[in-house]
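Protein chains in written order, with our numbering: chain A, 36 to 197; chain B, 2 to 416; chain C, 64 to 436.
By construction, these hints were calculated from the structure, which means they are not laboratory data.
Incorrect hints may appear among the rest.
Said to hold, decoys possible - Stretches of chain C that chain A covers, calculated by requiring three or more beta carbons in the stretch to come under 8 Å of a beta carbon on chain A: (1) 101 to 113; (2) 233 to 243; (3) 287 to 298; (4) 394 to 401.
What the hints assert, rightly or not - In silico BS3-like pairs for lysine-lysine, Cα to Cα no more than 27 Å straight-line: (5) A:K123 with C:K366; (6) C:K245 with A:K165; (7) B:K155 with B:K95; (8) C:K366 with B:K320.
As the list claims (entries may be wrong) - Some, not all, of what chain C presents toward chain A, calculated at C-beta under 8 Å: (9) K149; (10) M150; (11) N277; (12) S356; (13) I369; (14) R372; (15) D435.
C-beta: ideal position from N, C-alpha, C; glycine also.
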Amino acid sequence: MKEQEIYADLSAKFGDKIIEFVEEETLNPTVIVKPAALDEICNYLKDSEDLQFDSLMNLAGHDADGESDLSVIYHLYSTSIKHYITLKTFASRDTPAVKSIAKIYRTADWHEREAYDLYGIIFEGHPDLKRILMEEDWEGYPLRKDYVAAEFYRGMRIEKVK
Amino acid sequence: MIQSLANWILSFDILAGMGNPVAWGLSLFVVSALIFVFVALNAIVLVYIERKVSAFMQVRLGPMRVGKFGSLQTVADALKLLQKEDIIPQMADKILFVIGPWVILVASVVTFAAIPFSDTLLAANMNIGLFYVVSISSIVVLGIVMAGWASNNKWSLYGAMRSAAQIISYEIPVGITLIAVVAVVGSLNLQTIVIAQGGTGNLFHWIPIPLPNWFVFHDPFLFLAAFIYLTGATAEINRTPFDIPESESELVAGFMTEFSGLRWALFFLSEYANATLVAFLVSIIFLGGWQSPFSTYGGAQVGFSILTLLAIMWTVFVKIKAKRLSIFPVGLSLVITLCAWLFPGFALWLASPGLFWMLLKVASIIFLLMWFRWTFPRLRVDQLMYVSWKVILPISLINLMGVAVWMWLTGEIQF
Amino acid sequence: MGRLHAEEMVLNMGPQHPSTHGVLRLKLRTDGEIVSHIEPVIGYLHRSFEKHAENLEYQMVTPFTGRCDYLGAMGSEHGYAMAVEKMMGIELPERVEYLRVIFAELQRIASHLVALGTFGLDVGAITPFIYCFRERELILDLFEMASGARLLYNYIWIGGLAHDIPPGFVEKTYEFLDAFDKHVAEYNQILTGNKIFIERAADIGVMTPEIAINYGVTGPSLRASGVNIDIRRTQPYSIYDRFDFDVPLGEGIHGTVGDSWDRYYVRVLEMKESAKIVRQALDQLPVEGDVKSAIPRRIRPPKGEIYFRSENPRGELGYYIVSDGKNVPLRLKMRSPAFSNLSVINEIGQGFMISDVIAILGSLDIVLGEIDR
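Sequences are here, hints too, so could you generate the full structure?
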């Protein structure tokens, strides 16, 4: 199924929970969805007979400029029908909350932990949301564009990144 | 040997005054020292050989830098180990930690007291030699559990537990296998067992192939028993494929994890002492010990001619199969055969029993153990127990009965 | 007499452990030898690849990608270069495409050799490991000939290659391929068919297709479960649609489909297929062509984003790149295959013994460099 048709299907089903469809400026046509509806949309994408998106290839956090909202990007793939769709959702910088899909796609478990670790995005309903790559007591979320590294970590000087 | 040494000391006029007890003590000390030196040197040589054997099996060269062909590498390593800092973990049980390696070492060294190296070279001619060796060598497990427990390390504990379970399980089939041999000889004396294997006889009593009277050729059951014993003994000395107590890819180093320096060297020493002991026992019990395979004059020439023939066949086989020429076995056996035909004295020497044959057999068995180690993967702990209790133990029990029936059939015993 | 008190023990396997293939820590809850829960703790090798990438120009990221998956550096570089090229719409000369495929497939063989060898090592067979490294050495020699480096190449650049191959390279590669088939037979003799090895690997850590897909397991580990997904086939990139090769699947010859033995054997078969591809690519390799002709002077992908995936030795290697039109990526996320492959270990490893957990970990073939990035 083409991404356009998937978008039509989704917006018919979910109405205003689907915000828009982006085709320009991206090589993976993207459906932008509301963060609070993410789990039900993914459930539908996975269980629907026509869609069968059984595999989450990638989940990435993203911070565009250090001021606007954070975003999370989901790349889905269907191993049986072999089609793709990209979902994108925005979360406000101060209270970045997105519904977790770790129980739908187990891949998301670690990837969400990584996005939490590096962007501080809170995935609601995640079974065990804690840092995965950085130390548990690390301060701040390093991949945010406005991140400023602390001077010391446990008494060790942190080298400055320009 | 102790007695004869004491007598020899007392035969000197100057020393005769020291009295019997002193001479006895002195010879006791000398013999013990000799055994210990043998074990220590043996370990150094075997470590070198094991490295070289493994290297050749793995298309590499092995140690090459220290000494000619790296021959002094293990000496250098031993020196390094002696100089290392003596580390005892803070939370370890210090007394047991220190005693553990020594228990293992002592248990594996003192067993050599009963081993007949040749018809005369024997520290103590015990009439319960076999029983002594088997029982003393099982003390090793005590040392392993001590070392593993005292390390206060989870890996060590796992290693010690595995080791205890393994050694105790395999002792039963091994013991039963040995009983089968004892049933044939009617003695526990290792020297008697070797002497009983002298001369030449038919294969399995009836098949007219003249072979040495070794127990491995005595009957089909003992033939099988030799393999069972080798398997069980490999498990008892924790060598691959049964090296689960120290399986380095799972338990880091098992019960040796926390040890370093001299204490670690002791483990190594006893490991190779144990391997040698097993090789000795296999040779003594199944392969005729210090008996020569060519026990009569004439036998040596004919025997080596047959060996040369076999070597030539092997070379041709290798040439066809792998397209490469290996002349070493042919060359060696050809030289020996020629010498045997040309010099009757050499043939006689080959035919006579002695230390040479003992060590040759031991070396072959040790090579076999090394071959196992560098070829097989490791079994899992439950598979190991399965092999012991459900496969080897029933077979060895049936073997024991089979040996008895066989002896009744051949008329060696009557009811 | 009081009741015997028994409780589970937590065993920390790693970060320093001979069989965790790097600095990985597995928190095992054990009941005797039986493992009831496995919690992988990662991040000990985190070198901030993504943070670095956001501060480096596109062409400067290439060497970093190799350092993530240090056993499949050519594959990582290839994937990254293709992603950026796709964003910029670069058309490559034929010769570059063929050479890239040759290197990527040689790299796959080299990486699988390490996987086989270390799996053997994990179950206690030491000799196959050295055999595997013997062949890997030959491949590394080829790489050294071409790029000058043996592990981290920085050879596949955006829009081309760092250098053309030296004279004699093609002949040497043919030589290697001729010898390689015999060597694969050797591994099968010493390890694949070994009874103890089969006992240790068959029926251990069975991964059903549902679990594998749901956990995002990719690559040989997924195909061992019988799922026919190879990105070189399902979504051919570069010039993979021109070659004739099979996608080996797990068949459960000695146990269940998707057990550790299958994961091992799929890799053995895949090496043969890769050798086949390399041979075809060498046969068809165009003689003419400048490998640097398509390298852009300025690498400034237009504003936009891409998720590009390619088949690495370990599975699906995806690059998610966001560009804002500058010469530095705004966001570069590497979706590393081993990251997802490792996350499945608790699901398939529960209820097995400590030794089996080691075997399962070995059969998953992880590289901590790309897990932690």
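Inset, instruction - Mind taking a look at whether chain A covers the segment 233 to 243 of chain C? Criterion is 3 or more residues with CB to CB distance under 8 Å. - result: As far as the segment 233 to 243 of chain C goes, the hint is violated, because 0 residues have Cβ atoms under 8 Å from chain A.
Legend entry - Status of the hint placing M150 of chain C at chain A (closest C-beta pair under 8 Å): With a minimum Cβ separation of about 7 Å from chain A (threshold 8 Å), the hint on M150 of chain C holds.
Inset, instruction - Under 8 Å, Cβ to Cβ, is where S356 of chain C needs to be relative to chain A, so tell me if that hint holds or is violated. - result: Since the shortest Cβ distance to chain A is 24 Å, the answer is violated.
Legend entry - Restraint check, 8 Å cut-off on beta carbons, for R372 of chain C near chain A: 7 Å, holds
Legend entry - Hint check: 8 Å Cβ-Cβ cutoff, I369 of chain C to chain A: 4 Å, holds
Legend entry - Hint validity - D435 of chain C Cβ closer than 8 Å to any chain A Cβ: 6 Å, holds
Legend entry - Hint validity - N277 of chain C Cβ closer than 8 Å to any chain A Cβ: 5 Å, holds
Legend entry - Stated coverage of the segment 287 to 298 of chain C by chain A [criterion: 3+ residues, CB within 8 Å]: Satisfied; 4 residues make the cut.
Inset, instruction - Could you grab the alpha-carbon distance between K245 of chain C and K165 of chain A and see if it respects the 27 Å cut-off? - result: Violated, at about 49 Å.
Inset, instruction - Classify the hint on K149 of chain C as holds or violated, based on whether any CB of chain A lies nearer than 8 Å to its CB. - result: 7 Å, holds
Legend entry - chain A covers the segment 101 to 113 of chain C, three or more CB atoms within 8 Å, holds or violated: n = 5 at 8 Å, threshold three: holds.
Legend entry - Hint consistency between K123 of chain A and K366 of chain C [alpha-carbon to alpha-carbon, up to 27 Å]: 17 Å, holds
The earlier numbered hints that this structure contradicts are 2, 6, 8, 12.
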